[in-house]
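J.: The chain contents come next:
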Amino acid sequence: MSVLEINKLNKSFKGKPVLKNFSLKIDEGEIVAIIGQSGIGKSTLLRCINGLEKIDSGEIIICNRCLKRKMQKDLKLESGLIFQDYNLFPQYTVIQNIILPLVVAKKIKKKEAVIIAKELLEELKLEDKELSYPYELSGGERQRVAIARAIAVNPKIICFDEPTSALDPKLVKQVFKIIKELANKGKAIIIVTHDISFGEKIADRVIEIK
Amino acid sequence: MDLEYFINLFKILINGLKTSLEIFGLTIIFSIPLGIIVSILARSKSVLIKEITNIYILVMRGTPLLLQIICVYFAPYYILGFTYNRFIAVIIAFSLNYAAYFGEIFRGGIESIDKGQWEVAYTLEFNKVQTFFIIIFPQAVKKILPAISNEIITLVRDTSLAQVVGVTELFSLAQKQANYKFSIIPLLLAGGIYLIISTILTIGFKKVEKKLDYYK
Ligand SMILES: Nc1ncnc2c1ncn2[C@@H]1O[C@H](COP(=O)(O)OP(=O)(O)OP(=O)(O)O)[C@@H](O)[C@H]1O
Ligand SMILES: [Mg+2]
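Protein sequences, first through last, are from chains A and B. If you count the first sequence from 1, position 150 lands on 889 in my numbering, and the numbers rise without skipping. If you count the second sequence from 1, position 169 lands on 291 in my numbering, and the numbers rise without skipping.
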């Protein structure tokens with residue numbers, strides 16, 4: 740079943756077209772890599788899917804529900820985005836970063852949120868960083884916290900913007916594994932990357948934006 | 123110069139100090155929340171709201187507080203023919219004036235926070251109010267604390283302006299005593315009291331800054 744369907748998406752900035760009639764369909768458990776030159780609109784695509792940009796025309800259908808020009812409120816949590824610079828909340832600890840969206844947006848009780856967060860921290864090998872602040876973490880650890888925070892709210896689609904650009908080869912392998920596992924659990928995954936070989940290795944399909 | 127004189131003088135000044143501290147405390151209580159509102163309005167999407175707020179900030183910062191106090195107290199009399207409590211007028215004038223300064227400081231702080239923080243909160247389905255108060259504002263406060271502390275210490279000294287509409291606060295009482303006794307001692311004593319309060323506040327703010335130093 741396709742979780743995400745993009746039909747003839749057009750997006751321009753100040754009259755300058757960036758995405759032109761872009762279409763894409765992704766099923767549960769599928770990994771799609773998006774490649775393309777710098778400035779071609781890869782990040783913009785992810786931002787459109789996550790409601791951070793208004794689209795000019797076309798449609799984005801998430802879980803069979805159409806996202807028109809503006810993001811509907813209850814669709815936001817169906818799709819998660821891991822930003823290139825992660826955007827962790829600096830004033831909160833690792834575990835608070837993960838708990839906050841659960842408590843604030845999903846209205847889950849704090850006790851349950853803690854259980855969910857601890858499980859994720861263990862899965863992502865962050866259990867000893869629970870009480871650290873983002874500035875105390877390495878780049879790889881920060882990324883894993885961002886991943887934990889995004890998947891805690893249980894989205895069906897997970898978007899990664901340049902997940903490997905700041906990582907050394909060992910960490911690339913680690914995030915490779917994490918992404919694969921997410922796909923195995925049925926998440927639809929979109930990875931924007933410069934690293935064509937990484938894209939080809941990890942993805943079921945590689946799509947180039949031209 | 124005997125001890126008794128000092129004790130008496132001190133008692134008189136303490137009375138004035140009470141009023142000064144009331145002005146100080148009430149101004150902070152009203153102007154900080156107002157300042158938050160001003161900072162939000164100053165960033166409004168509506169050009170009209172934004173411009174009105176900017177004009178308000180300009181007038182408040184561009185004219186003497188002394189004049190503002192006089193206007194707030196006397197304007198109702200000249201326009202509508204009624205007078206009201208001087209102390210209330212002072213609190214209104216101070217709150218409106220300081221709200222403009224705080225608003226401008228808050229706006230600067232809010233705008234210095236990375237746009238990515240708003241965006242990630244948006245994708246995690248925080249609404250704007252939640253994003254502002256849970257994510258953005260706490261980070262802004264850390265950045266603007268030195269500026270806020272400056273403003274608050276200025277307020278300590280500014281309370282002496284209340285005497286312009288006849289509110290007897292610390293400094294006006296000291297002046298009266300100085301004239302009455304033909305002595306500079308009451309004024310120096312009052313100066314010492316302002317200094318002590320400012321020192322306490324400075325130390326307090328340093329402590330808060332240290333406390334907020336737990337993250338970068
Ligand atoms: N808010 C904006 N206002 C105006 N132009 C924008 C805006 N955001 C992006 N653009 C432009 O849109 C184009 C696509 O940007 P985008 O960030 O999507 O590129 P990208 O493919 O992710 O590039 P990179 O590989 O360098 O990250 C660029 O030309 C960029 O300058
Ligand atoms: Mg990009």
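Please keep in mind that the hints were generated in silico from the structure rather than gathered at the bench. On a predicted model such as this, the values are computed, not experimentally measured, just so you know. Treat the hints loosely; a few may be bogus.
[Stated by the list, open to error] Which chain A residues stay away from chain B? Per the calculated CB distances, all over 12 Å, these: (1) GLY775; (2) ILE800; (3) LYS815; (4) ASP824; (5) ASN836; (6) ASP867; (7) GLU869; (8) PRO908; (9) LYS949.
[Unchecked claim] Restricting the straight-line Cα-Cα distance to at most 27 Å, the calculated cross-link-like pairs of lysine-lysine (DSS-like) are: (10) LYS250(B) with LYS753(A); (11) LYS895(A) with LYS172(B); (12) LYS857(A) with LYS940(A); (13) LYS237(B) with LYS753(A).
[Claimed, not checked] Covered stretches of chain A, as calculated for chain B (at least 3 residues, CB under 8 Å): (14) 746-754; (15) 784-793; (16) 837-845.
Glycine is no exception: its CB is placed at the ideal position from the N, C-alpha and C atoms.
J.: Mind listing which of the numbered hints don't hold for this structure, in increasing order?
T.: 3, 4, 5, 11, 12, 14
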